[in-house]
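> Read off the chains here:
2 protein chains.
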Amino acid sequence: MESANELTATQALGLMREGLLSVEEMAQACLARIRARDPMVRGWVHLDPELILRNARELDKREVKGPLHGIPIAVKDVIMTADMPTQHNSPLYKGSFPTVDAGCIKTLRAAGALIFGKTDTTEFASVTRGGTARHPLDPSRTPGGSSSGSAAVVGDFQVPISLGTQTAGSTIRPGSFCGVYAMKPTWGAINREGLKMLSVSLDTLGLFARSAEDLDLLADVFALEDRGPVKPFALRGARIVACRSPAWDKTEPATWEAFDRGINLLRDAGAEVAPLDLPAAFSALPDNHATVMAGEAQVSFLSEIRAQPELLHEDLTAMAKNSKGVTKGALVAAYDSAAQCRIAFDELAAGFDAVLTPSARGEAPVGTVTGDAAVNAMWTLLHVPVIQVPGFKGPFGLPVGLSLTSPRYTDRHLLQVARVIGPLFGARGAA
Amino acid sequence: MESANELTATQALGLMREGLLSVEEMAQACLARIRARDPMVRGWVHLDPELILRNARELDKREVKGPLHGIPIAVKDVIMTADMPTQHNSPLYKGSFPTVDAGCIKTLRAAGALIFGKTDTTEFASVTRGGTARHPLDPSRTPGGSSSGSAAVVGDFQVPISLGTQTAGSTIRPGSFCGVYAMKPTWGAINREGLKMLSVSLDTLGLFARSAEDLDLLADVFALEDRGPVKPFALRGARIVACRSPAWDKTEPATWEAFDRGINLLRDAGAEVAPLDLPAAFSALPDNHATVMAGEAQVSFLSEIRAQPELLHEDLTAMAKNSKGVTKGALVAAYDSAAQCRIAFDELAAGFDAVLTPSARGEAPVGTVTGDAAVNAMWTLLHVPVIQVPGFKGPFGLPVGLSLTSPRYTDRHLLQVARVIGPLFGARGAA
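For the protein sequence lines, the chains are A and B, in the order given. So for the first sequence, our numbering puts the first residue at 1; every next one is plus one. So for the second sequence, our numbering puts the first residue at 1; every next one is plus one.
Extracted from the complex, chain A is given alone in its bound form (with noise of 0.2 Å):
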């Protein structure tokens, strides 16, 4: 077999059902893989291999197995954990080690994962300048953020599974980046309790792995639900819309590349495949996901500036500031604008399977600094489901994916369409 560090999470599952691998045993896989690797990809910021293998250890002796027994899971530094430190990446939090776990740890602890460590991300998940983090396939890249390390190490195969979060695209954009499978559910679909705050009205958790399946598992995990029966999904008669989004000027031809070739095999496959034109509306989707994130980060940051306003980063400052000058007014037309807009996608998307979208400009750029959220903000201040599925790749031979979305509350649906369409692009997308 592969090494145990290159399975998903449904394939480890599998063989440790049968009693062909254990805890412990895809604990070292994986740990042998980042001893090989950090050096270069530094996807962590907090990894105790003693923790994790007395941790391993206990799992393997336990009769009762929970649907996640023993998966290695990575935890992007916002998130709480009783047994390690969440740092945010910040020198106010330098040491900082909250002796609780946020709501999405505790329920995975509970499903039996084997919570790994801590990965590296932007400052309080709020700004573009990198971490340590690098791409894995290019260290002179970065591998997009805020999500950064939780990307990185699903993308080179150290564990198979990681959580990240999202407020304009910092999970959608590393995923692509980095080849793997991204999600954002539902906002207020799972709980966001021991997440650092950012925008209260976006922040969502966001799933990493390396196939739809590991996605889905989780899905099941967090008791997923959606708003109506989930039907089979079958490509031949399916009905997509690809949606070049708002920001359409902003993408690159590796995007454009990879929207016109994954428009053709989901024709080739048999479904139908037409553009979907958003509303007029809906144009001012992107500058309301702005005065949203500005207006709540202030809110957010108001503390830290007040505490410690030497070790804050400028970028918050600026926002704890109200740099852009957000009035509340603004931001009460935003929120009005944004429900308004929700109400329509929903209507509108309904009518089909799924909506294809760009997941980010292009392919990783050279340098720290993250990327642009431009194509992922208005999906996240819509409240909709998102999945970023890899397959294709851009002139410098990195990975390029694209999105799928849908109306609030049919992530599972959602789910369906990507474990079919997910393969599709994953064996022809680069093909």
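The set of hints was computed from the structure by calculation and includes no laboratory data. Remember, predicted model here, so these are calculated numbers, not experimental data. It is possible that some hints are incorrect.
Since copy identity is lost for identical chains, a pair holds within one copy or between any two.
What the hints assert, rightly or not - Simulated pairs of lysine to any residue, SDA-like, Cα-Cα distance not exceeding 25 Å:
{"hint": "1", "residue 1": "231", "residue 2": "333"}
{"hint": "2", "residue 1": "65", "residue 2": "308"}
{"hint": "3", "residue 1": "324", "residue 2": "430"}
{"hint": "4", "residue 1": "61", "residue 2": "238"}
{"hint": "5", "residue 1": "321", "residue 2": "51"}
{"hint": "6", "residue 1": "231", "residue 2": "321"}
{"hint": "7", "residue 1": "65", "residue 2": "305"}
{"hint": "8", "residue 1": "250", "residue 2": "270"}
{"hint": "9", "residue 1": "65", "residue 2": "317"}
{"hint": "10", "residue 1": "321", "residue 2": "423"}
Got chain A sorted already, so can you dock chain B onto it with the hints?
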């Protein structure tokens, strides 16, 4: 002078500025009152006099004094404090001691506040079965809840200010029962990071004090800002509307009489007071609030029921199991209906200086059940600011208050209204 524990924060700050009162003296006066009264009121779940006095002496040494310099503030025990346990009145969190401050606590400490201790809450601020706290004027009665201890200790002159939370009526109702000022700011106006999560789109930090000036002082510290300029307010010629709310049929004679008396006092002072009939769509708000709270609570308590189901209160188990059977379709419909009502209410209320509405069904009931949020829930769902103003009395001689509300992000304006109406109700409400 009266005993220092009876001072409002504004009064105490004035004396401190003149060098007539030290932080330690203020703290000692509060501690003496607590020693005398806590055996009956039982509002505190954690109080460490040594820590308090050590911090008080530190504050007395400071050269630069913050806007809340030395003011004792009690904290509902669902809000994280770095130097005290945070236990949520849940056996799941017995002895839990996260070492970080919630955002609001960090902001208060930076303003020089003396974080005093933790106050009794119903389990996870989520059920109506009370904890230890009793009504300060009648130990056979509830102080209301879920912010039971925070309302009781301010009402009992043990500290001048306290923090609660509100998801339905958990701040405004106990404020009314205990005869104190209470405020639920616009949703999102104060950071809710570090508060236990019940319902992500409803949870709001609540403020208790014994004067409107003190609430205004807190509004300064939390940098509350309005959507427009704040104009001076006077009762002569003011335009007030009186809204019985869709839950009027659940109110009792004590509230009817306070409501009528309040209207007459305002009219006698020269205000125009007209009845406000809400549009038909608003009649769905109480049900929509129940749907949103149940739908979101199911997500919030997933981790607790997965981790240690045997330690969860049966009402919370029911929430985690979605015993009300709220579908995701119903949740989305409730979100969307509420979003439309927010827009409509802001437009409707913008034509008036304030909306007057009940704070509670009536006086504090006998027993340990903390009461009913029927008259509060719709305003929480509308995200608007609400200020409970005390001053009236019911047939048992216990306090009854009335609420003021206005469009989202007009909190500072509403505080100006409360600063004028509060003394009127206080002087004449119970005459």
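> Take the hints in turn and mark each one as holding or not.
Do the hints match the structure? See the list:
no.	hint	result
1	231 to 333	between (37 Å within a copy, 22 Å between copies)
2	65 to 308	between (45 Å within a copy, 16 Å between copies)
3	324 to 430	neither (41 Å within a copy, 48 Å between copies)
4	61 to 238	neither (46 Å within a copy, 72 Å between copies)
5	321 to 51	neither (41 Å within a copy, 33 Å between copies)
6	231 to 321	between (48 Å within a copy, 24 Å between copies)
7	65 to 305	between (45 Å within a copy, 17 Å between copies)
8	250 to 270	neither (30 Å within a copy, 59 Å between copies)
9	65 to 317	between (46 Å within a copy, 23 Å between copies)
10	321 to 423	neither (47 Å within a copy, 35 Å between copies)
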